[in-house]
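J.: Let the sequences and hints guide you as you build the complete structure.
Residue numbers (our numbering), protein chains in the order written: chain A, 1 to 237; chain B, 1 to 237.
Keep in mind the hints are simulated off the structure, nothing from the lab.
Treat the numbers as computed from the prediction; the structure is a model and nothing was measured.
Keep in mind that a hint or two might mislead.
Identical copies look the same in the list; a pair holds intra-copy or inter-copy alike.
Derived SDA-like pairs: lysine to any residue, alpha-carbon spacing no greater than 20 Å straight-line [claimed, not checked]:
(1) K4 to S97
(2) K217 to P121
(3) K142 to T2
(4) K217 to F123
(5) K226 to L139
(6) K217 to L139
Protein chains: 2
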Amino acid sequence: MTFKKIVLIMAMHSEADPIRDALELEEMDKLHPSLPMDSYKGKIGQTELLLLVNGVDPRFQVDSIGTQPATLATFAAIQAWQPDLILNAGTCGAFKSKGAEIAKVYWGNKVIHHDRRISIPGFREYGVGDYPVFTDQALAQKLEMEFATISSGNSLDMCDTDYQILDQEERVVKEMEAAGIAYVAELMQVPYLGIKSVTDLVDGGMLAQDEFLLHLKNSSLALQQKVLALLQEISIK
Amino acid sequence: MTFKKIVLIMAMHSEADPIRDALELEEMDKLHPSLPMDSYKGKIGQTELLLLVNGVDPRFQVDSIGTQPATLATFAAIQAWQPDLILNAGTCGAFKSKGAEIAKVYWGNKVIHHDRRISIPGFREYGVGDYPVFTDQALAQKLEMEFATISSGNSLDMCDTDYQILDQEERVVKEMEAAGIAYVAELMQVPYLGIKSVTDLVDGGMLAQDEFLLHLKNSSLALQQKVLALLQEISIK
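T.: Written out as structure tokens, the structure is:
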């Protein structure tokens with residue numbers, strides 16, 4: 001399956017810059033003068049590619065990570081550009097006990113939250129989310145990517161309650177944006193495809209923040225390779 | 001201080017409907033056909049009032065609570081209507097040990113997150129947020145509202161880690177939207193004013209969900225009275 005106009009949403013410049021450089025994307029005006037998101041554009045064959053990086057928070061001067069800027073970026077991007085695919089690529093934590101390794105890249109076949117616990121009938125499932133995702137089994141095999149459940153939360157660490165929820169069999173990948181992006185993509189009826197590269201093993205014994213910073217570069221390079229290969233496959237020749 | 005165009009953002013219809021009815025607000029077209037938010041308009045003196053209720057999630061058929069829809073609603077509202085004040089009113093949990101009672105209404109003089117733990121230098125403060133808020137000491141006194149710190153998180157319950165963070169002296173009010181709204185208001189340079197009415201005492205011994213449902217109506221009525229009184233004071237005669 002191919003797409004005419006793909007918006008690639010990424011949270012951090014350290015994740016996005018290798019992809020921007022490899023594809024020689026051109027910087028555009030900001031989507032909105034008051035939003036921190038940075039925009040770039042290019043072409044892959046006949047397909048238009050727009051890269052949106054969530055950008056640097058104007059007050060804190062750090063990358064705008066988490067589901068709030070991800071929600072904002074996705075809505076602004078769909079409104080402005082009307083893509084036929086939202087591609088979300090980023091780094092993540094993952095469970096060694098469930099097969100994860102540093103710089104392994106997963107394709108999300110399920111996107112849920114682990115920090116929206118709402119024990120009121122009806123709201124419980126809303127809190128989990130379980131947003132629609134675009135998957136292609138044959139393409140995942142060709143690109144040597146495994147499917148995995150992506151679970152989003154707004155903390156880099158895992159408290160005991162997070163761990164109990166995440167340790168459930170199906171949750172392999174832990175990161176901070178996918179569910180925000182997939183939520184808006186569903187509302188706006190644009191397919192969502194998420195791929196995540198492992199920077200830290202959440203059950204590996206190291207502090208998430210230390211392991212994250214240690215492996216960010218390698219993990220971002222592995223992500224870059226898979227994103228470029230994937231874009232080749234889903235763009236129009 | 002008075003405002004020309006106020007956008008009132010509320011998460012749940014059960015909180016918003018008494019206010020909508022009391023002010024005889026008129027239903028408008030949706031802000032965006034794909035978004036669940038419901039829009040209403042009216043006048044208070046010479047001030048234009050626009051009420052945005054986060055609306056019913058199309059898949060789960062429950063009110064769109066939490067910071068993601070709050071983020072989305074605030075951006076869409078500011079973009080469409082360009083208000084000079086974002087007023088956010090809603091129900092909340094609060095600490096009995098810090099003076100809270102059911103149906104007491106607080107005015108937020110600080111808005112922070114309690115579920116964005118990011119232990120990387122620079123990101124830590126970003127995770128807490130501490131967004132700018134509009135306050136008026138004399139007006140709060142006149143309306144018999146106390147100032148309090150509002151802390152937002154995407155879970156209705158409190159896990160042990162949440163409790164440890166929330167139990168810190170300054171955090172009185174616990175709710176699920178303020179920080180999402182105040183985040184966007186800051187980016188878009190619109191003043192944020194938040195008032196919250198207590199539905200459950202987080203250290204009162206009852207389950208949050210049971211107490212929330214038990215006191216939602218009373219708490220919403222108390223909220224309505226304060227919102228109407230506040231709007232009278234900040235609108236143009």
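J.: Check each numbered hint against the structure and report the violated ones by number, ascending.
T.: Violated: hints 1, 6.
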